[in-house]
Amino acid sequence: MPIPGPALRARIEPNATAPELIRNFCIIAHIDHGKSTLADRMLQLTGVVEARAMRAQYLDRMDIERERGITIKSQAVRMPWQVDETPYALNMIDTPGHVDFTYEVSRSLAACEGAVLLVDAAQGIEAQTLANLYLAMENDLEIIPVLNKIDLPAAQPEKYAEEIGNLVGVDPDDVLRVSGKTGVGVEELLDRIVAKIPAPVGNPDASARAMIFDSVYDIYRGVVTYVRVVDGNLNPRERIAMMSTGATHELLEIGVISPEPNPTKGIGVGEVGYLITGVKDVRQSKVGDTVTTQVKPATEALGGYEDPKPMVFSGLYPIDGSDYPALRDALDKLKLNDAALNYEPETSVALGFGFRVGFLGLLHLEIVRERLEREFNLDLISTAPNVIYDVDLEDRTTVVVTNPSEFPSGKIREVREPVVRATILTPSEFVGTVMGLCTERRGSLLGMDYLSEDRVELRYTLPLAEIVFDFFDQLKSRTRGYASLDYETTGDQAADLVKVDILLQGDKVDAFSAIVHKDKAYDYGVRMTEKLKELIPRQQFEVPIQAAVGARVIARETIRAMRKDVLAKCYGGDISRKRKLLEKQKEGKKRMKTIGSVEVPKDAFIAALSSDASGGKDKK
Amino acid sequence: MPQLPEGVPVPDDGALPAWVVGSHPTRFGVYVHVPFCSVRCGYCDFNTYTASELGGGASQHSYATTALSEVTLARRVLDDAGLGERPVSTVFFGGGTPTMLPASDLVRILGGVRDAWGLADDAEVTTEANPDSVTPQSLAELRAGGFTRVSFGMQSAVPHVLATLDRTHDPLRIPDVVRWARDAGLDVSLDLIYGTPGETLDDWRASLEAAIATDVDHVSAYALVVEPGTKMGAQVKRGLLPLPDEDDQATKYELADALLAAAGYEWYEVSNWARGGIEGPHACRHNLAYWRGDDWWGVGPGAHSYVAGAHPEHAGVRWWNVKHPRRYAALLEDGRSPGAARELLTHEDGELERVMLQVRLSEGLPLDALTPSARTAVATLVGQGLLDGRAALGADGRDRRALLTLRGRLLADAVVRALT
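Listed in order, the protein sequences are those of chains P and X.
Start counting the first sequence at 1; every next residue gets the next number (the numbering used here).
Start counting the second sequence at 1; every next residue gets the next number (the numbering used here).
Simulated from the structure, these hints should not be mistaken for laboratory data.
Some clues are possibly wrong.
Okay, derived cross-link-like pairs now, EDC-like style, lysine to aspartate or glutamate, Cα gap no bigger than 16 Å in a straight line [said to hold, decoys possible]:
(1) P:Lys589 with P:Glu599
(2) P:Lys296 with P:Glu238
(3) X:Lys323 with P:Asp574
(4) P:Lys578 with X:Asp349
(5) P:Lys584 with X:Asp349
(6) P:Lys580 with X:Glu6
(7) P:Lys580 with X:Asp413
Now the in silico label distances, taken between C-beta atoms and shown as ranges [stated by the list, open to error]:
(8) P:Lys586 with X:Gly383: 14 to 24 Å
(9) P:Pro601 with X:Leu172: 42 to 52 Å
(10) P:Leu152 with X:Pro242: 51 to 61 Å
(11) X:Ala395 with P:Ala561: 25 to 35 Å
No residue lacks a Cβ here, since even glycine has one placed at the ideal position from N, Cα and C.
Starting from the given sequences, assemble the full structure and let the hints guide the process.
Structure (structure tokens):
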């Protein structure tokens, strides 16, 4: 009987559950390897959600998550389970599945004692899953390897059981085989979670210490903070303190999620729950921070706290300049729920007023942009994403450049760019192709391992800027979609970088400036000038389009002057039609930006910028 | 005229809005549309029909009678608006091919116009003509009936160009028909088309030289426009013909202007050149009336008409007749206006049209009448070489005006957008 009866249930009430009856686990999986479906099935089997109330992917709240099949914000659900005559409280902590959110993943993992490694039985492990698996292993989590989707005709459970068995160090026969869709093997998995994953350990009498592993803004409740209690316990109406800042808040509500929030009398050692303090900004309740009580504060915070650090920057501009205030309001709102989002106003000669926005990575950028467009109805132009550069000048000062147009023009001693350690998993037939791509992108090989006969793990150091620039699309297209990528930033390196400016009739178009490696400046210049020549309509005068490094022109195209713009015949019967045509043309002119004296359709900016901006990872 | 513009309904009796009543003393012209051709040319999107396209019910034989019934209606409508007592300054028969009708029918329609309003002493009466469809006799008959001017659709002197245009006439006939018309006492104009697919610059030069050699007093030269819905439009769409190249057309325009100027023809409108220029005896006064904003009544299927008005909200009214000759005839037979729809022009519309039309003329557009922001744009346009600097400053001793340069004529639409 998997669901405990009332007598047993009393033993696993929140704030009154012995730590040995608690199991905290997460599921590590690649997007669309079926994590949400499996989670749904667990909710059903444990009776937390009745079958008829079930909606697919119950835990993914935001529409975008549901549509893209990815989970941005983790959640934690408490589920009852029974093995033999003992009741257990299982806390399933849902981890974000993407590299941009590695830090959040690491905090989710830190809240658990074990992890279910979920792999699609038809596809095998992907690079990000591997990276998260390594992260979990580094955190000493107990790993339960599971193959999902065994109901699929294309499933190859033997092959992939071997692969993940090797990775985790278990016998392939011990790799569980489940189907989230049909429910096969899920009960067995829950039993195994109880059997294998260690119970949490903590000191119930010590000062309270709870780690924040997620923080979500809710328009009705303010910030909802998800915590894992390590020591002591947290109780309603206590004042709590955030150890990174010392800020204190009244605890308005405390409880567990199952699967809706249930207020409780508190949460104790090893338990996972939520806190509501009435704060309105997730920055006041930061992931990784330690919560303690004001009355009996802990002296030492739990380890591992970091401030989120933006790695990728892009300028966001409203297409209609009058939407600027609306864009600012929208960003202010998104920021409430996104501690990693930061932005400051900037102006562009070409694009007008907008914001330079820092993101954790490309997916984060895409999600923010999409939410701005969808939830706030804004039409945006985003400039090509770039990374952060440290530029040392001859006068010993350092300039931090987040926007290519700020790249200093004076004497430069050295430019440093961020680098990442990238892990690429690929079928072995594409190893040469992938190595070629990495070499083109200034990568250096760190190592290479065969995961199985026909799958290879390649490890590279690559400049982040190269990854930001359509690396993922290239990787996918050159490996027919088979390769997968993960990376983590590891520091920076000096590189021979230059700024390429694009000039229209001698006027710099700041939106098109880019910082690129010296060897690639020419390519960039040629590509941009050719593209702009196609996109910008002929003007009344000849328009040179130049790419320049400093004062040196490296590429040039010319838009020939338009010589004829007149209707030959204009007699009585033509006048109304002709007038309407002119009105339409004048209307079209409003959608032009004037650079110097060149009229550039806003669509041309979007087209010129967008094709370079599509470097998003794991868009399937 | 592939499609009529959108508009509001015209009253059954054709009555003009009350606010045009007694408003203004402009000159008054009449346009008569003759919607018949022997062959439909591949590039043509005018409202015209061959006998086989038309079928029964709207025959060429009864067309003069039908058109005259609209003239009668026009006189009544203008009378009701207090605008009936104006002698007609200009009459223009266009098409189609007006000379598909016997000269006697054209003369009869002109007679109806004369009966309705009277013709001014120096009235200009033009008909378009296909070189195929005139004889010395028919031209003499037109002159005797009151016509003063004929405009021949020459288009090109080069056989392969004419063939691409579906023109059936023999180019060698042009000098003859011009001579016949002049002998009959008619002022003569030739229409040319440049930029036809396959036409070389030398072909175009040959056409211009052939036109000049006839010693006519007026030449119109039009860039070929491939209109959607024409046979040529379909050929271009299917890739059977190349789309005319705008740079090539610009070069050909410049060649036309150079050759015509050297032969003594002055440009007086973007596509028109005449000996003596805009104020001379050979400029087409009917067309000038369109460009200067005078009133006109368009008789015939699909024809447009315009009457200016004085009203706080409206600058004038323009309407257009139903397109199909059969429907046109049926409405008139019913005693109803053949008007399909009309538009009541706002002052903003009127201003845009005034700039758009007058700037095309060699007399230019008086700067006094421009808005302050448009006057600012004039300086920029002079700087860009699109407007004549001396004219803009009044340095030639005349009122300051926006006068297109040669380059400006080729970019006239851009100038209009800048000035409005």
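| query | Against the structure shown, which of the earlier numbered hints fail to hold, in ascending order? | reply | none
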